[in-house]
Structure formats: structure tokens, C-alpha cells
Amino acid sequence: METTSGSTPFLDIQGLTKSYGSGEARTEVLRGITTSMNQGEVCVLFGPSGSGKSTFLNLLGGLEPADGGTIRVGDTQVSSLRDRDLVEYRRRELGFIFQFYNLVPDLTIRENIEVTQFLSKDPLPLDDLIRTLGLWEHRNKFPNQVSGGQQQRCAIGRALVKNPRLLLCDEPTGALDYHTSKEILELLERVNREYACTMIIVTHNDAIRHMSHHILRLRDGALAEDTLNPSLVPARDITW
Amino acid sequence: MSPLIKRLPRDLRHNLGKYLGIFLLFLFAIAMGSGFLSAAHSIQVIQDGLHEKAHVEDFHFATQFEAAATSIKAVEEMGCTIYEDFTADVPLTVRGDDRTMNCRLINQDSRAEVNQYYYFEGTEPVGDNEIALDRVFCKNNNLQVGDTVEVNGREMALAGIASVSDYECLMEKNTDMLFNSTTFTIALVTSDGFAATAGAKRDYRYDAVLDDRSMDLVARTAFEEDVADVLVDHDEVLTDLVDVDSNMAIFFATDDVESDQVMWQVLVGMLVVIMAFVFVVLTNATIEQESAVIGTLLASSYRKREIIAHYMVLPTLIGVVGCIAGNAMGLTYLSTPMQELYYNSYSLPPYEFHFSPDVFVFTTVIPFALLEVVTFLGLARKLRFTPLAFLRREIAHRSRRSTLRLPDGLGFVRRFQLRVLLRNLSHFVVLFFGISFCSLFLLFGLCLMPVVERYADLMSSDVVAHHIYLLKAPLELEGTPEQHAAYRSVEDLLETDDPLSDLGFVGYARLALRTMDLDEDAHPVNTVDNGEAKIAQAEKFSVASLQIPRVITDTMEPITVYGISEDSHYWADVDVSGGAVVVGTGLSQKCRVHVGDTITLTDKYTNSTYDLVVSDVWGSSANMNVYLEQGALNELLDNDPDYFSGYASDEELQIDQRYLATDITPESMRTSADQMQESFGDMMGMVVAFAIPVYLILVYLLTKTVIDRSSRYISYMKVFGYHDNEISRLYVRAITVTVLVSLVGSLPFVLWLVRFFVTFVMDRYSGNLEIWVAPSLLAEVVAIGAAAYAVVAAVHIWRIRRVSLSEALKVQE
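In the order they appear, the protein sequences are chains A and E. Residue 241, in the working numbering, is where the first sequence stops; the numbers in between run on with no holes. Residue 1763, in the working numbering, is where the second sequence stops; the numbers in between run on with no holes.
Everything labelled a hint here was simulated from the structure, so no lab data went into it. For every residue, glycine included, the Cβ atom is placed at its ideal position computed from N, Cα and C. Any given hint might turn out to be false.
Selected chain A positions facing chain E (in silico; Cβ < 8 Å) [to be verified]:
#1 L61
#2 V88
#3 R91
#4 F97
#5 N103
#6 D107
#7 E112
#8 V116
#9 W137
#10 N141
#11 I239
Label-pair distances were calculated between CB atoms; the ranges are [stated by the list, open to error]:
#12 E:R1331 <-> A:T228: 53 to 59 Å
#13 A:Y21 <-> E:V1270: 37 to 43 Å
#14 A:H205 <-> E:H1673: 32 to 38 Å
#15 E:V1691 <-> A:Y21: 44 to 50 Å
#16 A:Y21 <-> E:A1259: 34 to 40 Å
#17 E:V1687 <-> A:H205: 43 to 49 Å
#18 E:R960 <-> A:S81: 35 to 41 Å
#19 A:S81 <-> E:H1673: 17 to 23 Å
#20 E:V1223 <-> A:H205: 53 to 59 Å
#21 A:D86 <-> E:R963: 28 to 34 Å
#22 A:T18 <-> E:A1733: 53 to 59 Å
Taking lysine to any residue and the SDA-like style, the derived pairs with C-alpha atoms no more than 25 Å apart in a straight line are [stated by the list, open to error]:
#23 A:K142 <-> E:R1659
#24 E:K1484 <-> E:A1472
#25 A:K142 <-> E:G1359
#26 A:K122 <-> E:N1675
Excised from the complex, chain A in its bound form:
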């Protein structure tokens, strides 16, 4: 399959379905999602609560199996991987960023980033990354000693340090104020630019669509929007 640009897409999703429960309690969360993304794209995923955004992210991350359809990331057919291979896939290809940072409270900022650096055979230089993230001064502090924004920077560093090709961000600014959110978005933009990793950002913040190459919108488990953004706006210029 080819993308709108004509090249082989980095991420290819075909007829993805997922449901929970059985019998009358069965709920179809994803109903045949088909889409694709190029390497290095920033994709924003919108949708109201219960539309299937998190499930979509979980399936991409190999955290749970799909009921039907296929997911290919690079050369990896994610949907056909066994448990052990899924771990390798997450280890090699993915970085996760959560809304509430999910840092290990008893590790320093540096150590939290090291958690995933340890997994990579080809990690980014740790000190350089910490400086890039603006955390050098805080590297030996513990999560509860720094601000929410700094914690999210640390979480970004943790996701980035193993040099993943796909970054999955679940509401990365959901717990942050306006200014800190903008800082984080700028950082994500910079990371995308410098490290050329593909990014899927799940958010409720409609303004983020302006800094994204690709826009997806889910409604009741189906894709209601799958468009490309021809005029990117730098993160520093977007407002909401």
C-alpha cells in the first residue's frame, strides 16, 4: 500500500477491530480502522471519551491483541507477533508517553530515563538528551522534587532515549497548564524534527492539529476523519 505521498508507509493499519465482553455485554470499540502513516510524521488522534483512542494506542503498542485486521510497523507485522516478540517490538520500536508521566518515584530524573536506555542497543547519548530536554539542572532530583512539566520532559526523555521509530503519546499535555503544555509541544516538535521519529499523539486539544502532519478522528470506534495537514504551524505559534 502507498500513502498519499506515494512511498511505502511506515505504519499500515488494515481493518482493525476490537471488542470487549461477550454476548449482550459485548462492546465493539474499534470497527475496522484502516489508515497509514509515513516515517517521521506527527499524527494527532482526536475523539470523544469512549471513542476508542486508548484502545487504538494499546493495539499499536502491542499491549493487547486485536480481534481482527492487521498492523504493520516498518517491517514488523505487529498483529501476528507472539508475546515474546511483542516485548521485543516494544523494546526496539516504541516509546510511550503517558498523561500522568508514570515516572518511578524512587528513581532520579536521570535514572528514570536510564530505565529505557538500558533496553536499547543503540541509545541516544544520555547527557546530551538530558540537556536537550532542559533537565540538566534537575537530573539528580526525584520526580516529586520537580514540576509537572519537568516530569513530562523526563517522560519524553525516557521514551526517546532508546531511539524508537514510533512514539505513542497518550494525552501528553492533559495534566499540564497552558504554558507548560506549549513547552512540551515544542519539545515534541523538536524531537520529531531532530530524531525523525513517527509520533501519534492522542489528545482532546484541537489546536494540536495545526502542528500535526496527519489528523485522525475517531467516533464510536470508526474513523470519522483521516486527513493530511498541508500547512503546518510551528508549535510555538499555536494557541487555544
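For chain A, the structure is supplied; the task is to place chain E on it using the hints.
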């Protein structure tokens, strides 16, 4: 009804491991405690009741010949009832067994009102060819009702299996150092059976029951001395007089049961302490885990007492079920092995259960109250935090150690493991103490046998001569041939009931003439001449049995005081010159007696006390003796200056049986310690058997909390791409290191505790057991602990595999 109650089944299911652990801990501790202590209590009640219920004698005496009715009447007029209880020791053989055993025939009719008996199986003998034998003897020789045994040449049918109340412990002689339930038995027969089987053999024994049964030992001893005088005044030849409290066959088992109870109380006490540790950790873990729920409930205006009540329901229910199940298991399944500990050795009456409120409080009420109090206080203390603190999970005290900066040079894995360690330090401290107590339990169970083994070696090596002969009265070995002959004549005369008719006038006159020149005030002379060389190497000494107060318990330690010659060949290293008082190292250690101290020795039969100043300490740690110069001891005890009561000899001597109390040899000392080892053996096996499951439960519960509180982070690791074995390496290895370090690092503490506990527990036992733990035993404790932990670690690794990825994805502020 609070809607929260609906959470309880789910909470139980979700935390099944934790609640199962608490339940098992209760089950094991209570089953073990109530099982043993109730059995021991019941046995003690049975034993205590025997005095009245089975009319156990207050004392008994034996005479050379049948005592005259006037003699018995004279004794009874002093204030007691005398029961004729003639016995006869005859050979017994069991079919298929070459050994000739000793059977003490008792006429069952003579036991109608004193020293009564109990039947376990079969019936009383009815015919003169029927017999009833001791239960333990029958068990040891596989004898069953209906079997035939040969007694003094007669075939007799085993009609019943019984125990006799004054033979709880099968001691052939009261001076024996060990009981013998394998080749010695009592046998109940009918009057005709007795006459037919015993033949002419008789031991003229008389059992006495005092009119005033409340008489204490000192009064009783004085009474018994008067009885002896009366009998001698009536021309009876007294051969034996034994008070009930000195009768080993009666008091040995009672003493054993009493002393063992202290040991089990200490062991159950240790378990209770371990349980308290566990409850503290589990309560804190529950609160941490339920932080968000508690915060929500508080914010929803639930009262603190409602929340406390909610979180106490499950521990309380589990505790109650554990208490009931523990008592049920203890009083049914475990009571039997506990009974068998004693019923396999002692001929006790049939077992019947006696409820002990003290045991119930100690084994059930206290652990349950501990669970309630610890849980309540833990909840109440934590509920001081605000709802927001709970919601933000900021209730866990974050100490400085968890924010320590670790050296960058340390690899990530090491630092991570250190962080796990620091984060859970308080849990690990509890784990350290928990492991220490479990190791203590294990080491206690494992070390006692080698300790007793070593004690046996020391006891044996402490016997300074090949034979230590203890005499009932001074008996000279040295004498002229005429003196030897004269005393032989005396013996012959004493052993003849009616000399004139039995020996004839000439025979009687010849014997009487030979005795005429004997000096009544001089010591008797042995009838056998042992020869100059043997006599020359034998050394006289005086000996007395006194008591000294123990340090820990308010009881008295029986000790032996030796009066030896200053230039003793056998006690060459003991310097008793110039009035010196030397005490054994064992006595010094156990009763904390040091050079320069004044010790007070008591004679329990007269209440007389003797103060001595210690000049030196000598001998092994098993040596519980006091040594004085012979003359000094005689003077102290108000004996004649030339009084003596034993011979130390490297050569075997022929000593008149009438004067010989016992012959102590290194081998007999060893055998007596072996018996001690046997009586401890089963019990220690049970201690170890309980220590291992308790260890498993404890380590599982304490380390489980570390995994539980890290489950969210473990889930993150999985999301990031960590393999299960890598996660196990980060978490389980930190726990493993802690467990191993605790196992090894606690050894000095455990050794100290073992010394303390054994000293405490053994205080009531006679003798000094010096704790000596072989390094191999410590290695065994570590190995058992590590093996038990390996099982726990395997469970943890399995649990880490089961930590859901979705845990990380739950939205949690």
C-alpha cells in the same frame, strides 16, 4: 448495612495470597501451640491427679524379711497407713527374642487401694497363668493381648496391657541413671499367679500413705527418718526407704513434662512475635494499596471509624477462621503426635483432654488480639492524613534514604536494585528480624541434638575414674581375712529369715561366733577381698546431694558436692587444700557463680543451708559439682571425720550389693545423656518441621508486599519492553540479596538469641547445656532458609509474569 461490604469478597479474591498467608500463619502457630501445650497440660493434670485419684504412695520402704505385724502397727501408729506390696523380680522371655528381660511381678490385689493401675487393652488377669504387662514395654517388644510370654519358666498369657501409677517411668532401681522400657517391665498378676510365678523370691516392699497428705518434703523426710528408727527398733532390717519426691519412677516423667512446657511456651512466644512483625507490615501495605479508595471514601464524608471498621472486617474474619481451624487442627491431628512424645516413653494413664484457659489465652487470644490491635492502630495512625494525601498517595513516609544520590559509576541495574532496597528498607528491616526469628526457630531445632551430644561427651569425660562407686553407707575395702569372713557371716545371717531352723544350731553358732569380735562403731568391711593392688588404687571420697538456686527461674538446681582428699590421684587438678571450695565450670556458668562469690547450698530434705566461698572453677561446662577437702565436707555436714560415701577406682571392684548405691562409669553417663537426646529428638524434629512452613509463609508475606507495591512500576517496565526475567532481575534479585544477607547477617544475632533462649528454656532442666553450634549447622540453617526462599522467589517470578500491562495504563493522578 454499609455498601462497602460488597467489596469484601472481591478484596478477598484480589488479595488471596495475603489473606491465605495470615490464615496459614494463624493455623500453624495456633495448631502447634494449642496442640502441644494442651496435650502437655492435659498430661500434667492427669499426673497431678494421680496422687489422689490413683492413691499414689507418699513413700515406701522395704525390709530384708517380711516385717512383723507389730512393726507395721508401730509405724501406722505414727500417722500413716501401710499397704503390703510384695514384688518379685523374675526373668521374662518373649517368643522370638533371645534376650532375657527383667519382669517385676506385682500382686494386683495389693494395688487395690494404693498405687493403682490402668488398663489400656485387654482385661485384668483372672487365672494364675495370666499376666498384664506395661504398655510401653509391650509397644517396644511388639506384644499384643493374647500373646504368650515365659515368666520365670512359666508360660503366661498376656491378658492386658496396663500402666501402674508408681511406674510412670520404668526404672529398675531408684539409683539408676536411665529408664529402661525395653528389657524391664512391671507385671500385674493375681495372688495365685504371684505365688505360682514368683516362687520363693520376694522383695518385701510396703507402700505408705500419710494421714496428713499435705506434709511438705522436709516434714515428710523427718517423718520417714522416724519410721526408719521405729523399724530398726523393732529389729527389722531396712533395705530401702524412698520418698515420693525422690522416686525417679514417679517424678521423672512429671518433671520432664513440666520442663518441656517452658520450651514450647518460648517457641510459641517467638511465633507470636513473628506474627506481630507480619501484621505491622501487612497493615501498612494494605493502607498504601488502598490509598486512593480510602481518600475517596474520606472525601465522600465516610467517618474514620467506618473506614477502620471496613478494613478490619477481613483480617478479623481471617483471624477468627484461623483461630478456629488452628485449634481444631491442634486439638485433633497435632495433639496425637504431641501425646506420643510422652506416651512413647512413659507409662502414663490413658490420655484425656483437659481444657486450659491459660493455653487458650496464650495460643489463641493473644495472637488474635495482636492482629486486631496492630491492624487498628496502623489504620488509626494513617487516617490522620487528609483525604487529598490519600488520593495523591502521599501517605507513605518518604525518608531521606530513598532520596539518596547513588554514585553514577554504579551500573543502572545495581542502582535500580539499590533503589528497590532503599524504597522498601522498612519492609526489609522487618524481613531481617522475621528471618532472624525463623532462623532462630530452625537453629533451635537443629542445634539441640548436637548440643546434647556434646553434653554427653563432656559428661562422660567428666567421670574422673573408670568407676565411681557411690555407697549407701561407708564400707571399708581393706580388712583382715578374719574381718572379711566375719562380715560374710553377718550377711549370711541377715539373709536368713529363721537362722536357727534354716542353718541348724551348729551353723548358726559358727556364724554368730565369727561376728562376735566385730566393732559395732567401726565401718563395716566388704565381704570380698579385692586384693591389695586394687584397694591401693581406689580412693575414698564423700558425697552429698544439695541444691543451689538457679538464676533465671525461681527453682533449685540439684548438685553433687564431693569431699576429696587433698592429694587426690583422680581429681589431681582440683586444689582443695586449705579449705578451698572449687566449683564445676557448668555450675559456674549456669548459676553465675564466680571466684570470691559466696554460694548457699540447701539440703532439700532438711532445709539446712551451707554457705561456701568459691576459690576456683574447674572442669568442663557439664560439670555441676562442688569440690571440698573430704574432712571439710564431713565437718560441714556434721559427719564423722572418717565418714566417706564412695570410691573412685580405675579398677572394677567387688562391692557388697547391700552397700552399693550405684556404679557410675563414663559409659553410664554417656547412656544417660543418650536418653536425654532421645527424649529431645522427636520434639526437635517437630520444631524443625514447623519452622520450615512458618519460614515459607513469613518470607512470602513480607516479600510479597515489595512486589505488590511495585506492581505498577513492573507494569511500566513491561510496557517499555522489559522481559519478565529482566524485571525479576531488578525486583526479585533485590529481595533475594536482602533475604540472603539477612540469612547470613542475622547469624550472630541468631546465635545470641539461641544462647539466650536455650539458657532460658534449659534452666529448668538439671545440668548445664552449653550452646555450641557447629559452623556446618549454621550453613544448614542458611541452606534451608535459601531453599525455602527459592520456593518463594519462584512464586514471585510467576506473579511478576502475571502483572497486567493494563496496570500501567490506568489513569492515576
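Against the structure, the hints:
The beta carbon of L61 of chain A comes no nearer than 12 Å to any beta carbon in chain E, farther than 8 Å, and the hint placing it at the interface is violated. Hint status for V88 of chain A relative to chain E: holds, with the closest Cβ pair at about 6 Å, below 8 Å. Taken as an interface hint, R91 of chain A checks out: its beta carbon lies about 4 Å from the nearest beta carbon of chain E, inside 8 Å. Residue-level restraint check for F97 of chain A holds (minimum Cβ-Cβ distance to chain E is 6 Å; threshold 8 Å).
For N103 of chain A, the interface hint holds, the least distance from its beta-carbon to any beta-carbon of chain E being 6 Å, beneath 8 Å. The interface hint given for D107 of chain A holds, since its Cβ lies 4 Å from the closest Cβ of chain E, which is under the 8 Å cut-off. Of the supplied interface hints, the one on E112 of chain A holds, with its beta-carbon coming within about 6 Å of a beta-carbon of chain E, less than 8 Å. For V116 of chain A, the interface hint holds, the least distance from its beta-carbon to any beta-carbon of chain E being 7 Å, beneath 8 Å.
A distance limit of 8 Å between C-beta atoms decides the matter here; for W137 of chain A the minimum to chain E is near 14 Å, and the interface restraint is violated. Satisfaction of the interface hint for N141 of chain A is found here, the shortest Cβ-Cβ separation to chain E being roughly 6 Å, below the 8 Å cut-off. Because the closest C-beta pair between I239 of chain A and chain E is about 25 Å apart, greater than 8 Å, the hint is violated. At about 57 Å, the beta-carbon gap between R1331 of chain E and T228 of chain A stays in the expected band of 53 to 59 Å.
The given range of 37 to 43 Å is respected by Y21 of chain A and V1270 of chain E, whose C-beta atoms sit roughly 39 Å from each other. Restraint check, H205 of chain A to H1673 of chain E: a C-beta distance of roughly 34 Å satisfies the suggested window 32 to 38 Å. For V1691 of chain E paired with Y21 of chain A, a C-beta distance near 46 Å keeps the hint of 44 to 50 Å intact. Range check, Y21 of chain A to A1259 of chain E: Cβ separation about 35 Å, and the 34 to 40 Å hint holds.
Between V1687 of chain E and H205 of chain A the beta carbons are some 45 Å apart, a value that agrees with the proposed interval 43 to 49 Å. Evaluation of the 35 to 41 Å hint for R960 of chain E and S81 of chain A yields a pass: the beta carbon distance comes to about 36 Å. For S81 of chain A and H1673 of chain E, the hinted distance range of 17 to 23 Å is satisfied, since their beta carbons lie about 20 Å from each other. Range check, V1223 of chain E to H205 of chain A: about 55 Å between beta-carbon atoms, so the 53 to 59 Å window is met.
With their beta carbons about 32 Å apart, D86 of chain A and R963 of chain E fall inside the hinted range of 28 to 34 Å. At about 55 Å, the beta-carbon gap between T18 of chain A and A1733 of chain E stays in the expected band of 53 to 59 Å. Between K142 of chain A and R1659 of chain E the alpha-carbon distance is near 22 Å, which keeps this suggested pair within the 25 Å criterion. About 22 Å separates the Cα atoms of K1484 of chain E and A1472 of chain E, which keeps this hinted pair within 25 Å; it holds.
Our distance criterion of 25 Å between C-alpha atoms is met by K142 of chain A and G1359 of chain E, whose separation comes to about 17 Å. Taken as a hint, the K122 of chain A and N1675 of chain E pair is honoured in the structure, with Cα atoms around 18 Å apart against an allowance of 25 Å.
In summary, the structure is inconsistent with hints 1, 9 and 11 from the numbered list given earlier, while agreeing with the others.
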